[in-house]
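Using the hints, position chains U, X and E against chain F.
There are 4 protein chains.
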Amino acid sequence: MNDASMLRVAVVGCGYWGPNLLRNFVACPHTRLVAACDRDAARLQKALSAYPGVEAIVEFEQLLARTDIDAVAIATPVATHEPLATAALETGKHVLVEKPLASTARGAERLLRLAQNRGLTLMVDHTFVYSGAIELIKRLVEEGELGELYFIDSVRINLGLLQHDINVVWDLATHDISILDFLFGRLPRSLAATGSCHVNPELEDVAYLSLDFGGNLLASVHVNWLSPVKIRHLIIGGSRKSLVYNNLDPVEPIKIFDRGVEVGESPEERARILVSYRTGDVWSPHVPLIEPLQRVILDFVKSVKTGASPRSDGESGLRVVRVLESAQRSIKAQGGRIIL
Amino acid sequence: MNDASMLRVAVVGCGYWGPNLLRNFVACPHTRLVAACDRDAARLQKALSAYPGVEAIVEFEQLLARTDIDAVAIATPVATHEPLATAALETGKHVLVEKPLASTARGAERLLRLAQNRGLTLMVDHTFVYSGAIELIKRLVEEGELGELYFIDSVRINLGLLQHDINVVWDLATHDISILDFLFGRLPRSLAATGSCHVNPELEDVAYLSLDFGGNLLASVHVNWLSPVKIRHLIIGGSRKSLVYNNLDPVEPIKIFDRGVEVGESPEERARILVSYRTGDVWSPHVPLIEPLQRVILDFVKSVKTGASPRSDGESGLRVVRVLESAQRSIKAQGGRIIL
Amino acid sequence: MNDASMLRVAVVGCGYWGPNLLRNFVACPHTRLVAACDRDAARLQKALSAYPGVEAIVEFEQLLARTDIDAVAIATPVATHEPLATAALETGKHVLVEKPLASTARGAERLLRLAQNRGLTLMVDHTFVYSGAIELIKRLVEEGELGELYFIDSVRINLGLLQHDINVVWDLATHDISILDFLFGRLPRSLAATGSCHVNPELEDVAYLSLDFGGNLLASVHVNWLSPVKIRHLIIGGSRKSLVYNNLDPVEPIKIFDRGVEVGESPEERARILVSYRTGDVWSPHVPLIEPLQRVILDFVKSVKTGASPRSDGESGLRVVRVLESAQRSIKAQGGRIIL
Amino acid sequence: MNDASMLRVAVVGCGYWGPNLLRNFVACPHTRLVAACDRDAARLQKALSAYPGVEAIVEFEQLLARTDIDAVAIATPVATHEPLATAALETGKHVLVEKPLASTARGAERLLRLAQNRGLTLMVDHTFVYSGAIELIKRLVEEGELGELYFIDSVRINLGLLQHDINVVWDLATHDISILDFLFGRLPRSLAATGSCHVNPELEDVAYLSLDFGGNLLASVHVNWLSPVKIRHLIIGGSRKSLVYNNLDPVEPIKIFDRGVEVGESPEERARILVSYRTGDVWSPHVPLIEPLQRVILDFVKSVKTGASPRSDGESGLRVVRVLESAQRSIKAQGGRIIL
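Quick note, the sequences are listed as chains F, U, X and E, same order.
Residues in the first sequence are numbered consecutively from 0, following numbering that gives the first Met the number 0.
Residues in the second sequence are numbered consecutively from 0, following numbering that gives the first Met the number 0.
Residues in the third sequence are numbered consecutively from 0, following numbering that gives the first Met the number 0.
Residues in the fourth sequence are numbered consecutively from 0, following numbering that gives the first Met the number 0.
Hints were generated in silico from the structure; no laboratory data involved.
Don't take every hint at face value.
[To be verified] Computed spacing ranges between beta-carbons, pair by pair: (1) X:ARG112 <-> E:ARG138: 39 to 47 Å; (2) U:VAL25 <-> X:SER4: 31 to 39 Å; (3) U:LEU339 <-> F:LEU247: 21 to 29 Å; (4) F:LEU247 <-> X:LEU288: 25 to 33 Å; (5) U:ILE338 <-> X:LEU247: 43 to 51 Å; (6) X:ALA40 <-> U:ASP280: 50 to 58 Å; (7) E:ARG138 <-> X:GLY146: 40 to 48 Å; (8) X:PRO28 <-> U:LEU339: 53 to 61 Å; (9) F:ARG109 <-> X:LEU247: 53 to 61 Å; (10) E:VAL25 <-> X:GLY143: 48 to 56 Å; (11) U:GLU142 <-> E:GLN293: 27 to 35 Å; (12) U:GLU142 <-> X:ARG239: 54 to 62 Å; (13) E:VAL25 <-> X:LEU247: 40 to 48 Å.
[Claimed, not checked] Stretch-level coverage of chain E by chain X, calculated; a stretch enters the list once three of its residues show a Cβ under 8 Å from a Cβ in chain X: (14) 183-193; (15) 210-218; (16) 227-237.
[What the hints assert, rightly or not] From the structure, some residues in chain U lie toward chain F, with a derived Cβ separation under 10 Å: (17) LEU139; (18) VAL140; (19) VAL250; (20) PRO252; (21) ARG336.
We treat Cβ as the ideally placed atom computed from N, Cα and C, and that holds for glycine.
One chain only, chain F, in its complex shape (with noise of 0.2 Å):
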């Protein structure tokens, strides 16, 4: 690809995860990184220390006047995402967002209509969408390997590390919520969580999602901040095989167990439910190492290039932080019951 070809792309905000960002754009044979911006000059500094000719610019409306950069990729703190998206879409740039894409629905829904009517790139970085794993699992369920659905049972806790301006959910639940949504590609029916708060009074650092997906398909999502052991596991109860991923286990991270109830087939047996259990093979399908920030980048790209909508779509993001925002609500109403 001859360097006229490629995007011309910007990254905002050198914190936690700008840098990553920035490797994976000065990787990609399909990019070049033209600048990185952040307030900090000195963080900007240090971001870019390894990328000599990558231009630092720290006021960000200097950035949006640049006519040489067709994209920015925001990795600030979610309140400012529906801003700087906005305005970076105003100056006709296409754009990438980390997760969460806004601290509102109706903020998401804002920058998914600008875009639209911009005819932009409007995307955001549900990372784990583009894992290797998530791929798989997604294949399975589709191809009815699992049978029907009867439950997903996500936990995503550790100690740390404690975010100060959003709670565990819109952190760490964000990843769950959107792996679900890239399963089945539409809202919950309906939501309920619990939570509490102990480090910071305001920001909930346990927190409890269950989500009817309908169809008796139940999911449930542990996120916590103050888990003295880590566990990442995702559990999928199939009526034909379940599934286990365990996103720690570097060597057989998804297990496919052919086993489950067998409920009686003539009409007594059903009525006096009578159920056996089969016990089958377990089998660990190998899974390749890509990073999967490599081919977000790669799909961003592609829709800017093509048009196509990229996986981790604009109207993915709404779904997700609807999903955020009731979840959110739920836990102040301390379980109620929020229709999607």
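Just chains U, X and E now, kept in the frame of chain F:
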């Protein structure tokens, strides 16, 4: 102890749990197993085959008429707990009931009042609260080893054994709720629960309970009959230390983690919620292997002999049933909050 | 099967293993347990308490004189295996001996010859080779699923149970050596072993065996009575796939790894030993739960009835004792190589 | 520290380990990385791309001629360690050599003598003995926490990375032998080793070493490049307590087990070897995360500045090579015992 001072007992119900009671009453030096009772004569015969001196009684009424029986242990389907225990108390017999005490809080209350009026022991077999591990955990909590409690997360999931008369909450969560009741000796302030039915359209096989114990202490219980993997863990997060109890680890069932989040001391630090993470040693105390059911029986005998309340007395049995009943109602309301 | 065709057996020795034999002979539809024998009358009585119809015989000579006993199963200290089995064979009884067959290769040979001369079944109870897991492993090896075998590594370590009459090699390594003998049906070419004594100055409680099976196939056995952790694993590395058998994992005892080293095909590549690593799926076949000792007994009965050689016949018993004896010699020579 | 007092170093060899040295010399406040050297100019350029101020020198002789270089760190193939280190010492440079120190004990001795004669520091990079875990283990052993040592079992197995110039003993067992040397500071009395070659007919890819340290202390090392699973454990069994170091467990790398075998106290009990088993707590001390290589470099600098012997000095480097060489000889003799 001479024979005259031994408690003369009969076991009612020889299904899943009854044989454990038979074995433990025979082994206990303070009890004499006089008889066992089951409507299914073949099952009764089989259960008694190893105990030639124990009488087989098919009709419960016949057992009630016996004056050489001081106490009965009831291990029948939950719906029959109240009528059978009522009849036994009315003929002056002390009663030990398999968990849960009754199928309704009203029924549990009636039993409680009846036993008090008659001056008889009414005890529920919350086996877990007599285990060495749970005793140790209670001691650690009470001695302040964990500091202020932040959250409790209990997961009790595996494939089967599905019950035909009660759902997974009444079957499995009874254990967790009785453990919480033992730790705190009081009802949660409120709860919210969700669940769904897959194998039997009437009985939930997956459920999540969220219990608010006040003071920001949130307890969660996940019970599941359809999980491809077996998990039995109890995580207790505290301000000083945290604890994980893994019931499936025979070597290190309890681990105490000297780690947590430290919030800055100065007002400015607190205002900015400056946190740091402390990571210290992990300590796994040796938990002696004692069969909890043997200790249930010893406590029952002691209560009958001295009039002292047993650890899992009728009051705690009632509180546990109240929580179960409320959880059931919340599930039907799809997560609605129930004040207790 | 009518009673007349049932094999009439007696168990000799009611210590650790004897009660398992009693239970399994009673459960087997093709055997009738006539009597049990132990010099310790109290122990004998206790072992037989659950089997009222079985005769207690304290004197072994009395048992030998009985003509209504077709076969004896010997579960006494190793040093007594040869004399007891000899006496039993000489009175025309078929013999099943607990592992190892005898305490010397000479003794094992004498037993073998005697049984052949008398036309009687002589079988050793190499329990493991009747387990579902080891059967499956043998099948995988024979079908070439693993390709050419490179190495076998067996670890069988834990705290206790120390024996008083034999060292850890004769106690634990017998299992591993009998498994290797089942897999290959032949002696290793040579071996070298080391070990040391700590608790009892006469008996090794830690030992390492290295067995050369020819063709670059190296097998290693680590047995240890003093390990703080319990490990039971068998790793088989092959040119196509590799296998790990973890006897302590009830869910996935056997895992087959589709991974290995590929050496370049072209002569230049081979010359430069250009290797690449292949990492594929992991597959854990379901292993049915069958008590191996039940199948030992069925094979014994079949051998007596038909004259067919049992799987763990006297020949394999002899080979295993030869390896044990050689390992003992090598340990005394501090690792000296012994040709078999 | 002002620039004048900084040690001026050059790194020789930019293959697998060299870049780690580059990074750590740059990070160290007491060293100034002046140059790097590699015959492969492209590889050299790539390794230095992140360090613009560091000189690239293709010819080693040119580097030797430089008077502004005080010390060289050699990370080249093992066979070249001796000639390169010799040349460096002869031009008055202090030398840090990647493990193992040399490919023969003779060579190691010659280096040692040369360094002594010239009054220069000769150090070998036994990285593991600078890790927090191994330091803690040495302290526990020395303070008698484990009591008398019974056995040490080290397993270091995984798939790859096969070396082309040395076998698995020289590659992996060097780590284990250097750890044992750090713990005891002396050679084993004798050793016996076996191994076999599969991928490369000249180089063992599986090997077992058994080292006799006297006083019944047996140490075993299993190294393997063909194992489908990765295991890194060190078990140390003692008369008081035992220890397991699992290098792959980031949370509880070291566990100390308060369990063991107790032999009866009275003469009769000892005579009958009446044993009982003690099972107590498990304690997992926190191990601080410090990059060991950084501490290797600090010790090197200190040695150069003060003349003090570094922890992994030439003497220990020589002892380790002696053991490796003897293991090699024993393998060729198929397990023959070698006296050291």
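Here's how the hints hold up against the structure:
1. One distance hint, 39 to 47 Å for the beta-carbon pair ARG112 of chain X and ARG138 of chain E, is violated here, with the actual separation near 60 Å.
2. A beta carbon spacing of about 38 Å between VAL25 of chain U and SER4 of chain X agrees with the range 31 to 39 Å that was offered as a hint.
3. Between LEU339 of chain U and LEU247 of chain F the C-beta distance comes to about 37 Å, which lies outside the given range of 21 to 29 Å.
4. Between LEU247 of chain F and LEU288 of chain X the CB atoms are about 29 Å apart, so this pair conforms to the stated range of 25 to 33 Å.
5. Taken as a hint, the range 43 to 51 Å holds for the pair ILE338 of chain U and LEU247 of chain X, whose Cβ atoms sit roughly 47 Å apart.
6. Look at ALA40 of chain X against ASP280 of chain U: about 53 Å separates their beta carbons, and that is inside 50 to 58 Å.
7. Against the hinted window of 40 to 48 Å, the Cβ-Cβ separation of ARG138 of chain E and GLY146 of chain X comes to about 46 Å, which satisfies the hint.
8. Against the hinted window of 53 to 61 Å, the Cβ-Cβ separation of PRO28 of chain X and LEU339 of chain U comes to about 57 Å, which satisfies the hint.
9. At about 58 Å, the beta-carbon gap between ARG109 of chain F and LEU247 of chain X stays in the expected band of 53 to 61 Å.
10. For the pair VAL25 of chain E and GLY143 of chain X, the supplied restraint of 48 to 56 Å holds, since their beta-carbon distance comes to about 52 Å.
11. Against the hinted window of 27 to 35 Å, the Cβ-Cβ separation of GLU142 of chain U and GLN293 of chain E comes to about 41 Å, which falls outside the hint.
12. The hinted range of 54 to 62 Å is satisfied by GLU142 of chain U and ARG239 of chain X, whose Cβ atoms lie roughly 57 Å apart.
13. Here the CB-CB span from VAL25 of chain E to LEU247 of chain X is close to 46 Å, well matched to the stated 40 to 48 Å.
14. Here's how the region 183-193 of chain E fares: 4 of its residues keep a CB closer than 8 Å to some CB of chain X, so the rule of at least three is met and the hint holds.
15. For a cut-off of 8 Å, the count of residues in the region 210-218 of chain E with a CB near a CB of chain X stands at 4, and the three-residue condition holds.
16. Three residues within the 8 Å Cβ limit are the bar, and the region 227-237 of chain E against chain X gives 4, so the coverage statement holds.
17. With a least beta-carbon distance of about 13 Å to chain F, the hint placing LEU139 of chain U at the interface is violated under the 10 Å criterion.
18. Interface hint status for VAL140 of chain U: violated, as the beta-carbon distance to the closest one in chain F is roughly 15 Å, over 10 Å.
19. Checking VAL250 of chain U against chain F by beta carbon gives a least distance of about 16 Å; that is not within 10 Å, so the hint is violated.
20. Contact between PRO252 of chain U and chain F, as hinted, is not supported at the beta carbon level, the nearest pair being about 14 Å apart and thus beyond 10 Å.
21. For ARG336 of chain U, the interface hint holds, the least distance from its beta-carbon to any beta-carbon of chain F being 5 Å, beneath 10 Å.
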